[in-house]
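Peer 1: If you want the building blocks of each chain, they are given just below.
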Amino acid sequence: MADLDALRGKYIYAIQSATDEAGLEEIRLAALGKKGEISLKMRELGQMEPAARQAAGARLNVLKDEIDAALRARKAALADAALEARLAAEWLDVTLPARPRRVGTIHPVSQVMEEVSAIFADMGFAVAEGPQVESDWFNFDALNIPPEHPARQEHDTFFMARAEGDARPPHVLRTHTSPVQIRAMADLGAPIRVIAPGRVYRMDMDQTHTPMFHQVEGLAIGRDISMANLKWVLEEFCRTFFEVTDVELRFRASHFPFTEPSAEVDIRCSWDGGQLKIGQGDSWMEILGSGMVHPKVLAAAGVDPAEWQGFAFGMGIDRLAMLKYGIPDLRAFFESDLRWLRHYGFASLDMPTVHGGLSR
Amino acid sequence: MKFTLSWLKDHLDTEASLDEIAEALTDLGLEVEEVVNPAAKLAPFTIAKVLHAEQHPDADKLRVCRVQTDEGEKQIVCGAPNARAGITVVLCKPGDYVPGIDVTLGVGKIRGVESHGMMASERELELSDEHNGIIELPSGEVGQLFVDWLAENRPDAVDPMIYIKITPNRPDALGVRGVARDLAARGLGRLKPLAVEPVPGGFPCPVSVTIDPALKDKGCPLFAGRLIRGVVNGPSPDWLQQRLTTIGLRPISALVDITNFFTFDLNRPLHVFDAAKVKGSLTIRPACDGESLLALDGKTYSLRAGQMVIADDTGPESLAGIMGGEASGCSAATVDVFLESAYWDPITIAATGRALKINSDARYRFERGVDPAFTLDGLELATQMVLDMCGGEASDVVIDGAVPDTTRAYRLDPARVISLVGMDIPEATQRATLEALGFALAGDMATPPSWRPDVLGEADLVEEVARIASLTQLKGKPLARETMGVPGPILTPMQMREKAARRTLAALGYNECVTYSFIDAANAAMFGGGAEVTRIDNPISSEMTHLRPDLLPGLLQAAARNQARGHADLALFEVGPAFHGGEPGEQHLQAAGLLVGATAPRDPYASRRPVDIYDAKADAEAVLSAIGAPAKVQISRKVAGWWHPGRSGVMALGPKALCVFGEVHPRVLREMGVKGPAVAFTIWPENVPFPKTKVPTRPALHLSDLQAVDRDFAFVVDAGVEALVAVNAAAGADKALIESVRVFDQFTGDKAEVQMGPGKKSIALTVRLQPRERTLTEPEIEAVCAKIIDKVTKATGGALRG
Chain W
68 MADLDALRGK YIYAIQSATD EAGLEEIRLA ALGKKGEISL KMRELGQMEP AARQAAGARL
128 NVLKDEIDAA LRARKAALAD AALEARLAAE WLDVTLPARP RRVGTIHPVS QVMEEVSAIF
188 ADMGFAVAEG PQVESDWFNF DALNIPPEHP ARQEHDTFFM ARAEGDARPP HVLRTHTSPV
248 QIRAMADLGA PIRVIAPGRV YRMDMDQTHT PMFHQVEGLA IGRDISMANL KWVLEEFCRT
308 FFEVTDVELR FRASHFPFTE PSAEVDIRCS WDGGQLKIGQ GDSWMEILGS GMVHPKVLAA
368 AGVDPAEWQG FAFGMGIDRL AMLKYGIPDL RAFFESDLRW LRHYGFASLD MPTVHGGLSR
Chain Z
34 MKFTLSWLKD HLDTEASLDE IAEALTDLGL EVEEVVNPAA KLAPFTIAKV LHAEQHPDAD
94 KLRVCRVQTD EGEKQIVCGA PNARAGITVV LCKPGDYVPG IDVTLGVGKI RGVESHGMMA
154 SERELELSDE HNGIIELPSG EVGQLFVDWL AENRPDAVDP MIYIKITPNR PDALGVRGVA
214 RDLAARGLGR LKPLAVEPVP GGFPCPVSVT IDPALKDKGC PLFAGRLIRG VVNGPSPDWL
274 QQRLTTIGLR PISALVDITN FFTFDLNRPL HVFDAAKVKG SLTIRPACDG ESLLALDGKT
334 YSLRAGQMVI ADDTGPESLA GIMGGEASGC SAATVDVFLE SAYWDPITIA ATGRALKINS
394 DARYRFERGV DPAFTLDGLE LATQMVLDMC GGEASDVVID GAVPDTTRAY RLDPARVISL
454 VGMDIPEATQ RATLEALGFA LAGDMATPPS WRPDVLGEAD LVEEVARIAS LTQLKGKPLA
514 RETMGVPGPI LTPMQMREKA ARRTLAALGY NECVTYSFID AANAAMFGGG AEVTRIDNPI
574 SSEMTHLRPD LLPGLLQAAA RNQARGHADL ALFEVGPAFH GGEPGEQHLQ AAGLLVGATA
634 PRDPYASRRP VDIYDAKADA EAVLSAIGAP AKVQISRKVA GWWHPGRSGV MALGPKALCV
694 FGEVHPRVLR EMGVKGPAVA FTIWPENVPF PKTKVPTRPA LHLSDLQAVD RDFAFVVDAG
754 VEALVAVNAA AGADKALIES VRVFDQFTGD KAEVQMGPGK KSIALTVRLQ PRERTLTEPE
814 IEAVCAKIID KVTKATGGAL RG
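For the record, the sequence lines run as chains W and Z. Just so you know, the first sequence maps onto residues 68 to 427 in the numbering used here. Just so you know, the second sequence maps onto residues 34 to 835 in the numbering used here.
Think of the hints as simulated: they come from the structure by calculation, not from any bench. All residues carry an ideal CB built from backbone N, CA and C; glycine is no exception. Be aware that one or more of the hints could be misleading.
Per label pair, the in silico range of CB-to-CB distance [stated by the list, open to error]:
| hint | chain 1 | residue 1 | chain 2 | residue 2 | range |
| --- | --- | --- | --- | --- | --- |
| 1 | W | Leu-154 | Z | Glu-719 | 49 to 59 Å |
| 2 | Z | Asp-103 | W | Gly-424 | 55 to 65 Å |
| 3 | Z | Arg-834 | W | Ala-136 | 51 to 61 Å |
| 4 | Z | Pro-688 | W | Asp-371 | 38 to 48 Å |
| 5 | W | Val-311 | Z | His-600 | 35 to 45 Å |
| 6 | W | Ala-165 | Z | Pro-724 | 34 to 44 Å |
Straight-line C-alpha distance at most 30 Å; calculated DSBU-like pairs for lysine-lysine [to be verified]:
| hint | chain 1 | residue 1 | chain 2 | residue 2 |
| --- | --- | --- | --- | --- |
| 7 | Z | Lys-510 | W | Lys-391 |
| 8 | Z | Lys-332 | Z | Lys-35 |
| 9 | Z | Lys-74 | Z | Lys-42 |
| 10 | Z | Lys-198 | W | Lys-344 |
| 11 | Z | Lys-332 | Z | Lys-390 |
| 12 | Z | Lys-510 | W | Lys-363 |
| 13 | Z | Lys-251 | W | Lys-363 |
| 14 | Z | Lys-532 | W | Lys-391 |
| 15 | Z | Lys-508 | W | Lys-344 |
| 16 | Z | Lys-794 | Z | Lys-768 |
| 17 | Z | Lys-650 | Z | Lys-725 |
| 18 | W | Lys-108 | W | Lys-142 |
| 19 | W | Lys-363 | Z | Lys-508 |
| 20 | W | Lys-77 | W | Lys-102 |
| 21 | W | Lys-391 | Z | Lys-198 |
| 22 | W | Lys-391 | Z | Lys-508 |
| 23 | Z | Lys-198 | Z | Lys-74 |
| 24 | Z | Lys-390 | Z | Lys-251 |
| 25 | Z | Lys-510 | W | Lys-344 |
All chains should be built: construct the whole structure from the sequences, respecting the hints.
Peer 2: Structure below.
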C-alpha cells in the first residue's frame with residue numbers, strides 16, 4: 068500500500084501549495100475526477116478478491132475523504148484570504164457627515180394645546196370649537212356683557228367691516244374663547260364638560276401683547292358642580308401641566324360679567340435668579356380667570372339655571388407655554404423665525420399623553 | 034383708585050396693619066396693584082443728639098461733631114451750616130441706604146477726619162425739597178426710630194398710599210368709604226358713621242335749574258345745586274393738598290380740591306361754577322349740532338346733537354357729568370360759586386365720553402354708577418366743607434327731578450350659596466355679610482343698597498357672600514368623572530385629522546409656524562381674498578387689514594423674513610383657519626406646506642438639488658394618506674392664479690378639491706420678496722370624506738403563492754401627453770391580472786427629440802402581473818402585453834418605443 072501513501076503525500080502537498088481556486092480544481096480532477104488517480108484505483112477494486120477488495124476499498128475511501136476534506140479546507144482558506152484582501156481595500160471615511168435629513172418641529176402653541184387637551188380629556192372634558200369671526204351676540208350679549216357695559220370697551224375689540232345697507236351690528240373677531248361656551252351648551256345641552264382652545268384677537272400690540280393670541284376655555288355644567296370643584300380641577304390641571312408634585316392655588320374674588328362669583332387664580336411660585344419655579348416660593352402669579360357660570364349665560368345658551376350650575380375658566384395658551392418652557396417673548400411666537408422654531412419647537416413624535424408624560 | 038391709609042381710617046375704625054389691609058383688599062376683589070409706604074425707606078434711621086461741634090481742621094465749611102447715638106458716642110463730619118451742639122437730628126449709620134442721594138453709607142474719612150455716618154436733611158430722606166441744613170427735630174429721644182417719631186408728629190409724611198384696581202362692577206369702591214365698607218364687612222374694623230347735617234340756606238338761590246323734559250326720564254333724573262356767596266378761593270389746607278398729591282392729583286384751589294376730594298372720598302363727583310360767569314339760569318339739555326365747548330382740559334369739543342350739556346343763556350357751560358367748561362370755571366377771583374350735585378345716567382355718560390374721547394374721573398364714575406340716593410347728601414356735605422374752607426354763605430338748594438327709584442329685592446337662598454361656592458357658610462353669616470354691605474334683609478329677600486347698581490340678581494348675592502367669606506379659604510373638592518371606567522375618546526374625527534396632518538408634516542421635516550389670521554389688502558387680494566366683508570374695520574396696522582383667504586401668504590412672508598436672515602432653504606407649514614367670508618363659520622381648515630430653495634445642504638453625496646413640485650406632491654400625498662384620503666384621486670390643472678399655470682395641479686374627488694400643489698407663481702414670489710424656487714401645497718382636510726362607518730376590521734388579505742411577473746414597456750408619445758393617461762390605460766388592459774402599473778422613467782427634452790422626433794418624449798412603465806390561480810404561460814403573458822401596448826398606444830396616440 069506504499070503507493071497509497073505516496074498518493075496521499077503528493078496530493079496533500081499539492082493542495083497546500085495551491086494558490087487559487089483554479090489550481091485546486093485541477094488537483095481535484097487529477098485525484099478525484101472521473102479519470103483521476105483515486106477514481107482509477109477505485110475501478111481496479113472490481114478485479115480483486117473479495118477479501119482484498121474489502122481492505123483496499125476501505126483504505127481508498129479513507130484517502131478519498133481525506134483529499135476531499137483537504138480540498139475544501141484549502142478552498143475556504145483561499146476564499147477567506149480573498150475576502151480579507153477585499154475588505155482591506157474597501158475603506159470608507161466614517162467621519163464624513165451622514166446624508167442630510169430635514170428635521171421638522173411642532174409649534175409650542177400646538178404642543179401646549181395638545182397637553183391641555185390630554186389633561187382635561189382624562190378628567191372627562193371634550194374639545195369644542197367655534198368660529199373666530201363672531202356675532203356680537205355670542206361674543207358679548209350672551210355672555211352678559213350688554214352693549215353699554217364698560218367691559219365691552221375694555222376688550223379692545225376688532226370689528227368687521229359692514230357692507231353699506233347692512234344694518235346689523237358689526238361682527239367681531241372673538242375677543243375670548245368664551246362664546247364657545249354658549250355654542251357648546253346650545254348644541255349639547257347639560258350636563259356638559261368641554262374645553263375650547265383657539266385663536267382670539269384683541270387690538271393690542273406692545274412688548275407683551277400681540278393682536279392675536281390663544282386661549283383655552285373650560286366649562287363644566289352639572290347638578291351640583293361648585294367652585295370648590297373648580298379649584299380642584301385647576302389644581303389637578305396645574306400640577307399635571309407644570310409637571311410638579313404639588314401646586315398651591317389662591318382664588319381671589321374678581322369680576323367677569325359671565326361668571327358669578329368670579330375669581331382670579333394665582334399660583335404659588337418663585338423667581339430665583341429669573342428662573343420660574345411653580346409650586347414653591349413666596350410669590351403669587353396670576354394665571355387665569357374663572358368662576359361659576361352666570362345664570363344669565365346659562366339661560367342665553369338654553370340651559371335652565373334653576374336646574375343646572377357649574378364653572379367656567381379661561382387661560383392663555385401662549386402664556387402657559389412661556390411659563391412652562393421658559394419662552395421669553397410672546398411676539399416671537401408669530402414671527403416664524405426658523406431659529407426660534409427649531410429651538411422652542413417639539414419633535415413630531417413628542418405626543419403629550421397623560422400615561423406617557425407630557426414632555427420629555 | 035388710590036388712597037392713603039390715614040384717609041381710609043377716616044372711614045374705618047381699625048387696628049389692622051397695612052399688610053393685613055392690603056391682603057384683605059386683594060382677597061375681597063379690590064386687587065392691590067401697589068403699596069407705597071414711605072416708612073419702609075426710613076426704617077433704619079434713628080434719632081441722635083449733637084453733643085459738640087467744632088471746626089474741621091482742614092475745611093472751612095465742615096464741622097466735626099460728636100453725636101450721642103443709640104450705639105454710644107460717634108464722630109461725624111457734617112457740612113450743614115446748622116450743625117451745632119444741642120440739636121436733635123436724624124442719624125444715618127454706616128450700612129444704611131439713604132434714598133435721597135441713592136447711596137449706602139460706609140465709614141468715611143473726610144479731609145483726614147473719620148466720619149461714622151451722616152445727619153440727614155429732609156431732601157436726603159425724600160421728605161421734602163428742603164436742603165438748607167440738616168433736620169432739627171423739636172422733640173425726640175436718642176435711639177428712637179425716626180419713623181415712630183414721624184408717625185406721632187408728622188403722620189402725613191409716613192402715610193402709606195394704596196393703589197387698587199377696581200373691576201367695572203364696583204363703582205362703590207371708587208370712593209374710599211366704599212373700600213372701608215368692604216373691609217368692615219370682612220371684619221377688619223368698624224365703618225365709622227357718616228353724619229349728614231343739612232346746611233340751612235340763608236337766601237333763595239339766584240340761579241334756577243331746569244332739566245329738559247327730554248332728559249328727565251333717562252339722561253339726568255336729578256340735578257341739584259346752590260349758590261355760596263362771598264367765598265375766598267385760596268389754596269386748600271395742607272391735609273387736603275397732601276392727600277391729593279399722594280394720589281397723583283395736583284392741588285388747584287380750595288373749591289376745585291373739594292370737588293376732587295368728594296370724587297375720591299365718597300364717589301360723589303361735583304362741579305363748581307363761578308356764578309359770576311354764568312349768565313341767567315342753568316338748563317340741562319341735549320346739545321345741538323354745531324355747538325362746542327372749551328373744556329377744563331383746555332381742548333375745544335364739537336358737540337353732536339343729543340350729547341348732554343349744562344347750558345346757561347349763552348350756551349353750553351359744562352359737559353354734563355364729564356367735564357366742566359373753562360369759561361365758567363372757578364379761579365382765585367371767584368367770589369360766588371354755584372355748587373352742582375347731579376345724578377347722570379351711566380349709559381348716556383358712557384356714550385358721550387366715548388364719542389368725545391374724554392377720560393375724566395367724573396365720567397369714569399358716572400358711567401359705572403354713582404349712588405343716586407346720595408346726590409343731596411353729597412351736596413350738603415360739600416357745602417359745609419366749602420363754608421369751612423372758604424367762608425361765605427349758602428343759598429337754598431335748587432332741585433329739578435328726583436332720586437330715581439332703584440329699589441329691587443332678590444331672594445337669598447343660603448343652601449344654593451353653599452352649593453355654588455362649595456364652602457360651608459352658615460346662614461347667619463350670609464345674612465350678616467349682606468347687612469354689613471348695606472343690604473336690607475326682609476325674610477329671605479335682600480334689597481341692595483342704592484350704591485350697588487351692579488347687584489341685579491340672586492347670583493350677585495352669592496358673589497357678595499363668597500368674596501366677603503374669602504375665596505382664599507376655598508378648599509378644592511374632587512370633581513368625579515361622569516362615568517366610571519376607562520374614558521372614551523374625546524377628540525372629534527376632524528380634530529384627530531388636524532393633529533395627524535400637523536404631526537405628519539413635522540415628521541416630513543417641516544417646521545410649524547403660527548402666523549397671524551389677518552394680512553394686508555394686497556396680499557389678501559393676490560390670494561383670492563380681500564373682499565369687503567373680510568375687511569377689519571379697525572385694523573391695528575396696515576399689514577393686518579383683512580382676514581387671510583389662504584395660509585400661503587403668511588408662510589411666504591415668513592420665508593422672505595427667514596431668507597433675509599440668511600436661511601435660504603426652508604420647509605415651513607401651518608395648520609389653521611382660512612376665511613372665505615366675513616360671517617361666523619365662514620372659515621375652513623387648511624394645512625399648507627412651503628418648500629423653498631434646495632432639498633438639502635451641500636454634502637459629499639450630491640444630495641442637494643432644487644426643490645420641485647414632485648417634492649411638494651409627495652408630501653401632500655403623505656398628509657392626505659395620513660388623514661384618510663383614498664389613494665386614487667383625480668388630478669386637474671384648474672388652479673388659482675397664485676400657482677404656476679404649467680407646474681401645479683389639483684387633486685380632487687369629484688367636485689371636492691382635496692389639495693392643490695405646485696410651484697408658486699413667479700410673479701407672486703417677486704411681489705412677496707421670496708427667492709425661488711418655491712413649491713407648496715394647500716390641503717383642505719374638511720373635503721376629505723369620512724368613511725361611512727368606522728370599523729376597525731381590515732379587509733381580508735389575499736396573498737398568492739404564484740410568482741408575479743414584471744414586464745417593462747417604453748412608449749413614444751407627444752410631449753404634452755400626461756403619464757397618468759398611459760398608466761390608467763395599461764391598468765385597464767386586464768384588471769384581474771394587473772396588480773400595479775408604475776412610471777419608472779421618462780425621457781424628454783432636446784436629446785429625446787433628436788432620437789424620437791420633434792415634440793416627442795418617451796414614458797417607461799413597469800407592469801406587475803399577479804396570477805391568482807395558476808402560473809402564467811409565456812403565450813398568456815405575451816397576450817396581456819399585447820393588450821397593454823394596444824390600450825396605451827390608443828389612449829396616448831403614441832407607439833411602443835422600438
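Peer 1: For this structure, which hints from the list above don't hold up?
Peer 2: Failing hints: none at all.
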